[in-house]
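> Chain by chain, the residues:
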Amino acid sequence: MKTVIVKPERCVGCHQCSFECAVTHSSSKTRMGAISEAILSKPRIRVYLSSGKENFPNKCRHCEPAPCEMACITKAIYRDAKSGIVLINRDRCINCGMCAMACPFAVVRYYPYVRNRESAHKCDQCIDRQAEGKIPACVAACKVGALLFDEVNKIMDKDTEKLASLIYMGIRERVPEPGNFASLVAYKQKLNEIRRRQS
Amino acid sequence: MNIVIIGCSAAGLSCLDTLCKISPQAHVTVISAERYSPYSRCLLTYYLGNMMTEQELTISTPSSYPASVRFILGQKAEKVDTRGKSVRLSNGMECEYDKLLIAVGADAVKPKYCDEEKRTFTLRYMDDAKKIAAKLKGKAVVSGGGFVGIKTAYGLLERKIKTEMVITSSYPLSMVLDESSASYIEKDLAQMGIGIITNDDIAEINLHQNDLKVCLSSGRVLESDFVVAGKGVKPQVDLARAAGIKVNEGISVDEYMETSVPDIFAAGDCCETVDLARNKVSLIGLWPVAVEQGYFAALNMSGNRSRYPGSIGMNSLKTKAFHLISAGILKGEPGLKVYEKQMFATKQFRRIAFRDDVPVGMAFYNCPEEAGLFVNLIKKAQPLLVRPQKVVNGDVSISDILKPL
Ligand SMILES: Cc1cc2nc3c(=O)[nH]c(=O)nc-3n(C[C@H](O)[C@H](O)[C@H](O)COP(=O)(O)OP(=O)(O)OC[C@H]3O[C@@H](n4cnc5c(N)ncnc54)[C@H](O)[C@@H]3O)c2cc1C
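Sequence lines, in order, name chains S and G. Start counting the first sequence at 1; every next residue gets the next number (the working numbering). Start counting the second sequence at 1001; every next residue gets the next number (the working numbering).
Treat the hints loosely; a few may be bogus.
Cut-off 30 Å, straight-line C-alpha distance, at most; resulting in silico cross-link-like pairs (DSSO-like, lysine-lysine) [stated by the list, open to error]: (1) G/Lys-1021 - S/Lys-75; (2) G/Lys-1234 - G/Lys-1112; (3) S/Lys-53 - G/Lys-1379; (4) S/Lys-143 - S/Lys-190; (5) S/Lys-190 - S/Lys-134; (6) G/Lys-1110 - G/Lys-1246; (7) G/Lys-1320 - S/Lys-42; (8) S/Lys-42 - G/Lys-1341; (9) G/Lys-1380 - S/Lys-53; (10) G/Lys-1160 - S/Lys-75; (11) G/Lys-1162 - G/Lys-1318; (12) G/Lys-1379 - G/Lys-1318; (13) S/Lys-75 - G/Lys-1076; (14) G/Lys-1112 - S/Lys-75; (15) S/Lys-190 - G/Lys-1390; (16) G/Lys-1380 - S/Lys-75; (17) S/Lys-75 - G/Lys-1131; (18) G/Lys-1318 - S/Lys-75; (19) G/Lys-1079 - S/Lys-53; (20) S/Lys-42 - G/Lys-1131; (21) G/Lys-1112 - G/Lys-1246; (22) S/Lys-53 - G/Lys-1231; (23) G/Lys-1021 - G/Lys-1110; (24) G/Lys-1021 - S/Lys-82; (25) G/Lys-1079 - G/Lys-1318; (26) G/Lys-1320 - G/Lys-1331; (27) S/Lys-42 - G/Lys-1318; (28) G/Lys-1021 - S/Lys-2; (29) G/Lys-1130 - S/Lys-75; (30) G/Lys-1110 - G/Lys-1187; (31) G/Lys-1076 - G/Lys-1130; (32) S/Lys-75 - G/Lys-1379; (33) S/Lys-75 - G/Lys-1341; (34) G/Lys-1390 - S/Lys-75; (35) G/Lys-1079 - S/Lys-42; (36) S/Lys-143 - S/Lys-75; (37) G/Lys-1131 - G/Lys-1160.
Source of the hints: derived by calculation from the structure; they are not laboratory data.
Kindly generate the complete structure, drawing on both the sequences and the hints.
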């Protein structure tokens, strides 16, 4: 099963993933259309900047077991049996806030999606795009390999799980290995270092 | 393997669903005293407020389960025979088990003035909600200023019922909030039109020719059409106690959710587990916690030994006027240091309590987004490596907390 894998150390903070995420989840699904809709579509992936000026793309991990699913008092949150993706049934959601209370990664937000109806929003791993054979929008948008879409077993146990658990436990990740966009990433890191020394 | 689950609410259902996933060959019998398909108890106040229908409360349908799962609804488990390993039901039926889960939950505390003849109810089961709905009119008194009391009052407000809350302590949610956090809630409730009487309690209720007179300890008398008491819950322990299972306040379980009698497990509101913020065994009584415990019970019952790490008290309360998420402890402990940031313009505050540098409690008012992050830090008793005041101020991004520098 393929999933979105985040490599924070490669992120250069361009926010294109957030933009494309919002576009994909808009009603028109086009860039021009999305920005003129009455209820603006919101991104499900956010890029944070740490005080050390490192970028940190943050999105739903589709945890197993999922604390948000366990906390949901209406059973609006469920796991798609086939793909393992944790989804929200908007029509059952009552915005009670239990999922935001439960999510250790702070990825749940409450937004209106049609007039007079709000619901919890979070990453759905672009399940609709995947059904059309496309990869998730954030991954398609990422130019520096900070977001990857790959086999869970192949990469998950090698890299990300270690990283995720390190982050989860509050331990800083190891020195990143050079990847596809090594020079851009290296440039970015040098820049960070200079800024850090200056401040 | 024969598994019997007594009680089919948060804990029982979570155990069942987990078993169906990880141990599909097991034969599971689920017994529930209630005759309804499993529903979400937390939504009863939404049902009362006409915000949701009975059908929308349903969270699972017995017919969707495989043939190895049998539901027995509307029957009470009356006796557990721990030697013969069987459960006797109220209709005389015997269910044999290899592993048993007791997930019988809690019932509402019934103050001595509770009397359905005097239109005074508690709200715990669907039948309670239906009884109240049938008597719904005009004016109501809700006693108790806890989460259930406030949710009930809010539900009644949605039905345009003039509601007066009678609270024993000097402010609402006194079990979890400190006074200044609670003052916001109190203001909001008043603004929505819910009357609040503090430092008082119902002493007696009299019925005079179909008119209810609610007499308070202070001598005040309130006119009302009906009364709902939300004075807390007590775990249902009689079944376990009669079977010789160790019971303190709730059913006593080890880290694997197993009771003092081997092969009998307990989960949910009926049992007591470790409160990680208080560092002691307590009754927690929450939906997410019951679901978690049911999940861990299922793992251990099916031979996948997994330690239940414990949990903390937490809740999310949302009305039209405010959204409060609180967790852990915010007061009542010497040496507790509370940091806060108030944002008057946006009607928000963030408040976090620390024991040394470990966060142990929080209240977020109208800013739910990052609440889960802190709930999780409290659960893990993880020291915060960034300055607390900066955290409550929102001056550090969540990556600084997830990935301390
Ligand atoms: C109005 C209301 C609002 C709430 N709101 C919230 C909220 O916002 N957030 C939150 O976290 N929690 C909330 N709660 C608490 C939450 O509902 C409980 O923590 C949760 O339901 C506990 O689940 P449980 O499975 O342990 O037990 P219960 O839900 O109490 O269910 C136990 C079941 O076992 C059955 N049973 C009992 N004895 C027997 C027997 N001998 N034989 C057969 N069956 C038996 C009962 O009939 C019942 O169906 C609320 C509760 C109420 C009443």
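> With reference to the structure, classify each hint as holding or not holding.
Here is what the structure says about each hint:
As the CA atoms of G/Lys-1021 and S/Lys-75 are separated by approximately 17 Å, the hinted pair is consistent with the 30 Å bound. For the proposed pair G/Lys-1234 and G/Lys-1112, the alpha carbon gap of about 15 Å is at most 30 Å, so the pair holds. With a C-alpha separation of about 28 Å, the suggested pair S/Lys-53 and G/Lys-1379 falls inside the 30 Å cut-off, and the hint holds. For the hint pairing S/Lys-143 with S/Lys-190, the CA-to-CA distance comes to about 19 Å; that is within 30 Å, so the pair holds.
With a C-alpha separation of about 35 Å, the suggested pairing of S/Lys-190 with S/Lys-134 is violated against the 30 Å cut-off. In summary, the hint linking G/Lys-1110 to G/Lys-1246 is supported, as the alpha carbons are separated by about 24 Å, within the 30 Å threshold. With a CA separation close to 22 Å, the supplied pair G/Lys-1320 and S/Lys-42 stays within the 30 Å bound. With a CA separation close to 27 Å, the supplied pair S/Lys-42 and G/Lys-1341 stays within the 30 Å bound.
Distance check on the hinted pair: G/Lys-1380 and S/Lys-53 sit about 27 Å apart at the alpha-carbon level, within 30 Å; holds. Of the pairs offered as hints, the one joining G/Lys-1160 and S/Lys-75 holds, with about 28 Å between alpha carbons and a cut-off of 30 Å not exceeded. Taken as a hint, the G/Lys-1162 and G/Lys-1318 pair is honoured in the structure, with Cα atoms around 20 Å apart against an allowance of 30 Å. Using a Cα cut-off of 30 Å, the hinted pair G/Lys-1379 and G/Lys-1318 holds, with the two alpha carbons roughly 23 Å apart.
For the hint pairing S/Lys-75 with G/Lys-1076, the CA-to-CA distance comes to about 26 Å; that is within 30 Å, so the pair holds. Between G/Lys-1112 and S/Lys-75 the alpha-carbon distance is near 36 Å, which puts this suggested pair outside the 30 Å criterion. Restraint check for S/Lys-190 and G/Lys-1390: the C-alpha separation of about 27 Å stays at or below 30 Å, so the hint holds. Among the hinted pairs, G/Lys-1380 with S/Lys-75 is consistent with the structure: their alpha-carbon atoms are about 26 Å apart, no more than 30 Å.
For the hint pairing S/Lys-75 with G/Lys-1131, the CA-to-CA distance comes to about 25 Å; that is within 30 Å, so the pair holds. A threshold of 30 Å between alpha carbons decides the hint, and for G/Lys-1318 with S/Lys-75 the separation of about 17 Å falls inside it, so the pair holds. About 63 Å separates the Cα atoms of G/Lys-1079 and S/Lys-53, which puts this hinted pair outside 30 Å; it is violated. Between S/Lys-42 and G/Lys-1131, the direct Cα distance comes to roughly 43 Å. Violation of the 30 Å bound is thereby established for this hinted pair.
Restraint check for G/Lys-1112 and G/Lys-1246: the C-alpha separation of about 28 Å stays at or below 30 Å, so the hint holds. Distance hint between S/Lys-53 and G/Lys-1231 is unfulfilled; the C-alpha atoms sit about 50 Å from each other, more than 30 Å. Taken as a hint, the G/Lys-1021 and G/Lys-1110 pair is broken in the structure, with Cα atoms around 39 Å apart against an allowance of 30 Å. In summary, the hint linking G/Lys-1021 to S/Lys-82 is supported, as the alpha carbons are separated by about 13 Å, within the 30 Å threshold.
Between G/Lys-1079 and G/Lys-1318, the direct Cα distance comes to roughly 40 Å. Violation of the 30 Å bound is thereby established for this hinted pair. At most 30 Å may separate the alpha-carbon atoms for a hinted pair to count; G/Lys-1320 and G/Lys-1331 meet this at roughly 27 Å. Straight-line distance between C-alpha atoms of S/Lys-42 and G/Lys-1318 comes to about 22 Å, which keeps the hinted pair within the 30 Å bound. Pair hint G/Lys-1021 plus S/Lys-2 holds up; C-alpha atoms about 21 Å apart against a cutoff of 30 Å.
The straight-line distance between the Cα atoms of G/Lys-1130 and S/Lys-75 is roughly 22 Å, inside the 30 Å bound, and the hint therefore holds. At most 30 Å may separate the alpha-carbon atoms for a hinted pair to count; G/Lys-1110 and G/Lys-1187 meet this at roughly 28 Å. Our distance criterion of 30 Å between C-alpha atoms is met by G/Lys-1076 and G/Lys-1130, whose separation comes to about 20 Å. Distance hint between S/Lys-75 and G/Lys-1379 is fulfilled; the C-alpha atoms sit about 23 Å from each other, no more than 30 Å.
For the given pair, S/Lys-75 sits about 33 Å from G/Lys-1341 by alpha-carbon distance, which is inconsistent with the 30 Å threshold. A threshold of 30 Å between alpha carbons decides the hint, and for G/Lys-1390 with S/Lys-75 the separation of about 36 Å lies outside it, so the pair is violated. The suggested pairing of G/Lys-1079 with S/Lys-42 is violated, with an alpha-carbon distance near 54 Å, which exceeds 30 Å. Under the criterion of a C-alpha separation no larger than 30 Å, the hint pairing S/Lys-143 with S/Lys-75 is inconsistent with the structure, at around 37 Å.
The straight-line distance between the Cα atoms of G/Lys-1131 and G/Lys-1160 is roughly 18 Å, inside the 30 Å bound, and the hint therefore holds.
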